[in-house]
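Each residue of the sequence shown is one higher than the one before, counting from 1 in our numbering.
Everything labelled a hint here was simulated from the structure, so no lab data went into it. From a predicted model like this one, the values you see are computed outputs, not experimental measurements. The beta carbon of each residue, even a glycine, is placed where N, CA and C say it ideally should be. It is possible that part of the hints are untrue.
[Claimed, not checked] The calculated label-pair distances, taken between Cβ atoms and stated as ranges, are:
hint, residue 1, residue 2, range
1, ASN37, GLU128, 36 to 42 Å
2, ARG54, ARG185, 37 to 43 Å
3, GLY260, GLY52, 36 to 42 Å
4, ASP142, GLY99, 33 to 39 Å
5, THR86, PHE34, 36 to 42 Å
6, ASP122, GLY45, 23 to 29 Å
7, GLY99, GLU42, 33 to 39 Å
8, ALA117, GLY45, 26 to 32 Å
9, GLU13, ASP142, 37 to 43 Å
[Unchecked claim] Straight-line distance between alpha carbons at most 25 Å, and here's what the computed DSS-like set of lysine-lysine pairs gives:
hint, residue 1, residue 2
10, LYS245, LYS5
11, LYS273, LYS5
12, LYS5, LYS159
13, LYS95, LYS162
14, LYS101, LYS233
15, LYS173, LYS204
16, LYS234, LYS208
17, LYS101, LYS173
18, LYS280, LYS101
19, LYS233, LYS209
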Amino acid sequence: MGEYKEIAAKLKEADAILIGASNGFSISEGLHIFADNQAFEEIFGDFKRTYGIRNILSGLFADWPSEEVKWAFLSRLIHHYSIGYTGSPNTEALKTLIGDKPYFFVTSNGENHFELAGFSPDCIWEIEGSWKEMQCEQGCHDTLYPLFPLIPEMAASEKNMKIPSELVPRCPKCGGTMGGHSPQRYMTAADREIQRRFQNFVQKYHGKKLVVLELGIGWRNQLIKAPLMNLVKKEPYAAYITINKGEIYIPDEIAATSYGLDGDMTEILERLKEALEERKHRCTRGTNKIK
1 MGEYKEIAAK LKEADAILIG ASNGFSISEG LHIFADNQAF EEIFGDFKRT
51 YGIRNILSGL FADWPSEEVK WAFLSRLIHH YSIGYTGSPN TEALKTLIGD
101 KPYFFVTSNG ENHFELAGFS PDCIWEIEGS WKEMQCEQGC HDTLYPLFPL
151 IPEMAASEKN MKIPSELVPR CPKCGGTMGG HSPQRYMTAA DREIQRRFQN
201 FVQKYHGKKL VVLELGIGWR NQLIKAPLMN LVKKEPYAAY ITINKGEIYI
251 PDEIAATSYG LDGDMTEILE RLKEALEERK HRCTRGTNKI K
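Please model the entire structure based on the sequences and the hints provided.
Now the structure itself:
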């Protein structure tokens, strides 16, 4: 428990907290985009047998035979994992760990769970896009459109892995096909703005006590993990906390200011929450004694 107490102290003393999250966090919440598991069979078994997709990721990039089929898959996916989501034990624990500190999320997860759990969208950079929005696949103009409001009707109207043609989204400018928000396809003004906010956050807390909390990011990840580790190398007062199951990687250059917690994400976050609450309780008792 000593390591948890040390991390609790770092969180308590932090000037700001930067959270990086990837697939390991989603998996801990029941969303495994790479798995051909029981959940995938129950939700997408018909798509699997008809179109040969083996997991959610392959469905997201499938060459569907029609827009009606494409949006049947997407609406079923989003309806199941995002519509109605309001948080989890993981996000509740994160709220305790962050407390009233300034924070920023950088995540490759697209299900929008951090915003849906109550964190500010102005402090969440979903670097590979979000399921909550869509954009013209032809790139005819630089606008994102809300997608979540359309999903319930699509999901309710789906039959035989198709939605009605009249519910298929079309670009309001060129009439072409729409797709999910994908900065890899092209960057929108909204993408550039959240990237600017992130850069401002990093600059504002340069040279201060920054805690980098990494959630479920594999060691090969060059999109989030590598930049976060490089940031810690440059920050003399930064602390690096990485949580993952079965895979912890901390380079020697930052080992002295780093903590690696290997195990179940939900259990670890709960233990950190308890350690922080215990620390706050001790501080309160100490203050009362002085008075």
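Against the structure, the hints:
1. Separated by about 22 Å at the C-beta atoms, ASN37 and GLU128 break the suggested range of 36 to 42 Å.
2. At about 23 Å, the CB distance of ARG54 to ARG185 disagrees with the hint of 37 to 43 Å.
3. For the pair GLY260 and GLY52, the supplied restraint of 36 to 42 Å holds, since their beta-carbon distance comes to about 39 Å.
4. Between ASP142 and GLY99 the C-beta distance comes to about 37 Å, which sits within the given range of 33 to 39 Å.
5. Remark: the range hint 36 to 42 Å for THR86 to PHE34 is contradicted by a beta-carbon distance near 26 Å.
6. Checked against the given bound of 23 to 29 Å, the beta carbons of ASP122 and GLY45, roughly 39 Å apart, lie outside it.
7. Judged by the Cβ atoms, the range 33 to 39 Å given for GLY99 and GLU42 holds: they are separated by roughly 38 Å.
8. For ALA117 paired with GLY45, a C-beta distance near 29 Å keeps the hint of 26 to 32 Å intact.
9. Roughly 42 Å separates the CB atoms of GLU13 and ASP142, a value that falls within the hinted 37 to 43 Å.
10. For the given pair, LYS245 sits about 20 Å from LYS5 by alpha-carbon distance, which is consistent with the 25 Å threshold.
11. The suggested pairing of LYS273 with LYS5 holds, with an alpha-carbon distance near 10 Å, which does not exceed 25 Å.
12. With a C-alpha separation of about 53 Å, the suggested pair LYS5 and LYS159 falls outside the 25 Å cut-off, and the hint is violated.
13. As the CA atoms of LYS95 and LYS162 are separated by approximately 39 Å, the hinted pair breaks the 25 Å bound.
14. With a C-alpha separation of about 22 Å, the suggested pair LYS101 and LYS233 falls inside the 25 Å cut-off, and the hint holds.
15. Restraint check: the Cα-Cα separation between LYS173 and LYS204 comes to about 39 Å, which exceeds 25 Å; the hinted pair is violated.
16. Of the pairs offered as hints, the one joining LYS234 and LYS208 holds, with about 11 Å between alpha carbons and a cut-off of 25 Å not exceeded.
17. Of the supplied pair hints, the one linking LYS101 and LYS173 is violated, its CA atoms being roughly 42 Å apart against a limit of 25 Å.
18. About 14 Å separates the Cα atoms of LYS280 and LYS101, which keeps this hinted pair within 25 Å; it holds.
19. The hinted pair formed by LYS233 and LYS209 meets the criterion: a straight-line CA distance of about 13 Å does not exceed 25 Å.
Hints 1, 2, 5, 6, 12, 13, 15, 17, counting from the list given before, are not met by this structure.
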